[in-house]
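Q: Given the coordinates of chain A, assemble chain B onto it according to the supplied hints.
Each protein sequence line maps, in turn, to chains A and B. Note that the working numbering has the first sequence beginning at 1, numbered continuously upward. Note that the working numbering has the second sequence beginning at 1, numbered continuously upward.
Everything labelled a hint here was simulated from the structure, so no lab data went into it. Some hints could be false.
Calculated pairs, SDA-like style, for lysine to any residue (alpha carbon to alpha carbon, straight line, at most 20 Å) [as the list claims (entries may be wrong)]: (1) K15(B) / D20(A); (2) K124(A) / D52(B); (3) K212(A) / T169(A); (4) K156(A) / L60(B); (5) K310(A) / D263(A); (6) K392(A) / L349(A); (7) K15(B) / S134(A); (8) K72(A) / G35(A); (9) K86(B) / M1(B); (10) K212(A) / D266(A); (11) K124(A) / L60(B); (12) K156(A) / S134(A); (13) K124(A) / H51(B); (14) K124(A) / K15(B); (15) K299(A) / T169(A); (16) K12(A) / A94(B); (17) K190(A) / K72(A); (18) K351(A) / S19(A); (19) K55(B) / W59(A); (20) K95(A) / F59(B); (21) K55(B) / K12(A); (22) K15(B) / G30(A); (23) K72(A) / K55(B); (24) K156(A) / D52(B); (25) K310(A) / G361(A); (26) K124(A) / F59(B); (27) K95(A) / M1(B); (28) K124(A) / H9(B); (29) K124(A) / K86(B); (30) K190(A) / D153(A); (31) K22(A) / L349(A); (32) K124(A) / A94(B); (33) K156(A) / F59(B); (34) K15(B) / R260(A).
Just a sample of chain B residues kept apart from chain A, beta carbon distances all over 12 Å, derived [as the list claims (entries may be wrong)]: (35) E19; (36) P27; (37) E80; (38) G85; (39) P88.
Quick caveat, the model's predicted, so the values are computed rather than measured. For each residue, glycine too, the CB sits at the ideal point set by N, CA and C.
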Amino acid sequence: MSNVRVLVGTRKGAFILTSDGKRNKWDVSGPHFAGWEIYHMKGSPADPSRIFASQNSGWFGQIIQRSSDGGKTWETPGGGLTPVPGGMPKGESNKFVYDSSPETGKPLTTHQWYDGTQHPWEFKRVWHVEPSLSDPDTVYAGVEDAALFRSTDGAKSWHEIAGLRGHGTGPKWQPGAGGLCLHSIILDPKNPQRIYIAISAAGAFRTDDGGKTWKPINKGLYSQYIPDPRAEVGHCVHHIAMNPSRPGVLFMQKHWDVMRSDDGGDSWKEVSGNLPTDFGFAIDVHAHEPETIYVVPIKSDSEHYVYEGKMRVYRSRNGGNEWEPLTKGLPQSNCYVNVLRDAMAVDSLDKCGIYFGTTGGQVYASADAGDNWAPIVEHLPSVCSVEVQTLK
Amino acid sequence: MIRVELPQHLRTLAKVGREVQLEIEGPVTQRSVLDALEARYPMLQGTIRDHDTLKRRAFLRFFACEQDLSHDPPDTPLPESVASGKEPFLIIGAIAGG
Numbered sequence: 001m002s003n004v005r006v007l008v009g010t011r012k013g014a015f016i017l018t019s020d021g022k023r024n025k026w027d028v029s030g031p032h033f034a035g036w037e038i039y040h041m042k043g044s045p046a047d048p049s050r051i052f053a054s055q056n057s058g059w060f061g062q063i064i065q066r067s068s069d070g071g072k073t074w075e076t077p078g079g080g081l082t083p084v085p086g087g088m089p090k091g092e093s094n095k096f097v098y099d100s101s102p103e104t105g106k107p108l109t110t111h112q113w114y115d116g117t118q119h120p121w122e123f124k125r126v127w128h129v130e131p132s133l134s135d136p137d138t139v140y141a142g143v144e145d146a147a148l149f150r151s152t153d154g155a156k157s158w159h160e161i162a163g164l165r166g167h168g169t170g171p172k173w174q175p176g177a178g179g180l181c182l183h184s185i186i187l188d189p190k191n192p193q194r195i196y197i198a199i200s201a202a203g204a205f206r207t208d209d210g211g212k213t214w215k216p217i218n219k220g221l222y223s224q225y226i227p228d229p230r231a232e233v234g235h236c237v238h239h240i241a242m243n244p245s246r247p248g249v250l251f252m253q254k255h256w257d258v259m260r261s262d263d264g265g266d267s268w269k270e271v272s273g274n275l276p277t278d279f280g281f282a283i284d285v286h287a288h289e290p291e292t293i294y295v296v297p298i299k300s301d302s303e304h305y306v307y308e309g310k311m312r313v314y315r316s317r318n319g320g321n322e323w324e325p326l327t328k329g330l331p332q333s334n335c336y337v338n339v340l341r342d343a344m345a346v347d348s349l350d351k352c353g354i355y356f357g358t359t360g361g362q363v364y365a366s367a368d369a370g371d372n373w374a375p376i377v378e379h380l381p382s383v384c385s386v387e388v389q390t391l392k
Numbered sequence: 001m002i003r004v005e006l007p008q009h010l011r012t013l014a015k016v017g018r019e020v021q022l023e024i025e026g027p028v029t030q031r032s033v034l035d036a037l038e039a040r041y042p043m044l045q046g047t048i049r050d051h052d053t054l055k056r057r058a059f060l061r062f063f064a065c066e067q068d069l070s071h072d073p074p075d076t077p078l079p080e081s082v083a084s085g086k087e088p089f090l091i092i093g094a095i096a097g098g
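Isolated chain A (complex conformation) (with noise of 0.2 Å):
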């Protein structure tokens, strides 16, 4: 019979949940990384025993977790206890260093700031780690102020792929509310050369060619809050979503409007309908009709929590416009929880399992596509992120 994992990153550490098929009884270890931010973790899909972790502070930086026993146990990838001092290993985990170079990283110095004024490129944080679907060791990570890295060695060191700032639309981008990150990394189980990424507040990329060059595919998109409201980048894009049977099918939650691709995001279309409002931050897709989507739509891009004080999952089964709220289970009076943008995740059982998590620090779930709910855990710190595991 299979089983569930379901990995959660929160304001202060990370808490592992883990059912069986039914879902209906759940053990939940943690926290690991006490105290620490989680902003993101996922499992191997080469490997499940093997997760990475997105550790964080505001005072000692950036750290990167990884376990090879399903969260049983961790460590920071080089950065193993030394037996003499001089001479041992360094530990890289947490470095990550922009590529300056002139052959590959051509030179891109400056964003821009909230003000308007160019800035210079720091790095603060990992908001999403994204493990390659084929090798355990590869790992690619989505980082504030944005850059995409890729470790091939475990999450032991990381270079950054610099041919998305190498762009040159660098000085166009700034920061969203949450800072200027990347935090949308999606691999295209179809073809290894295509990766699609998306960044706040500069939009969505993609790659043909394995991260050598990028393009911005916005086409479509329309933010008044930017000086042209069609402009190619600057949108601020809040996550991206696919099923991996169709890889070209893309769909999008940004700032706001909910918008679909069917183009490998070459052109967009809004699918926003019926929504009570389309403002938002998480976007997840059935895994088995990837025509069956799921939006948590939030009151404004000033009030971040759920509209009318309930918690109203949507679904569209026909790929959007038409939404149906599904509340079973859900708080419908008195809530004002946001849902952030990689806090839901599907699982790959028959039926699928829709998962949330939430700034109140519950996780709901639902293991009939979204038709019943239940928090399978309640009171946890803030929670950033969901992610979850199906082992057979």
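A: Using the frame of chain A, we list chain B on its own:
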């Protein structure tokens, strides 16, 4: 033997107790102490000072002998009582309120 006291989160990260002891040859300065600390506990690289610039992270302070040494040049000799091991070199997470 130099004594260095770490904040709680760095103790957890390095899997050590409140205080670590380091052997340092040559002048005992902030730089030589931190070099030795990071060499002994590589997972602390980047958590106390920047990887490249080696500047102290903004929210950390260095105290010893009831003095704030945070803004001293990194190659200034530390007080004799730190060099002799009588007093610890304190790495403190800056706290500005509750």
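Q: Hint by hint, where does the structure go against what was stated? Just the numbers, ascending.
A: 1, 4, 5, 7, 14, 15, 17, 21, 23, 27, 29, 30, 33 and 34
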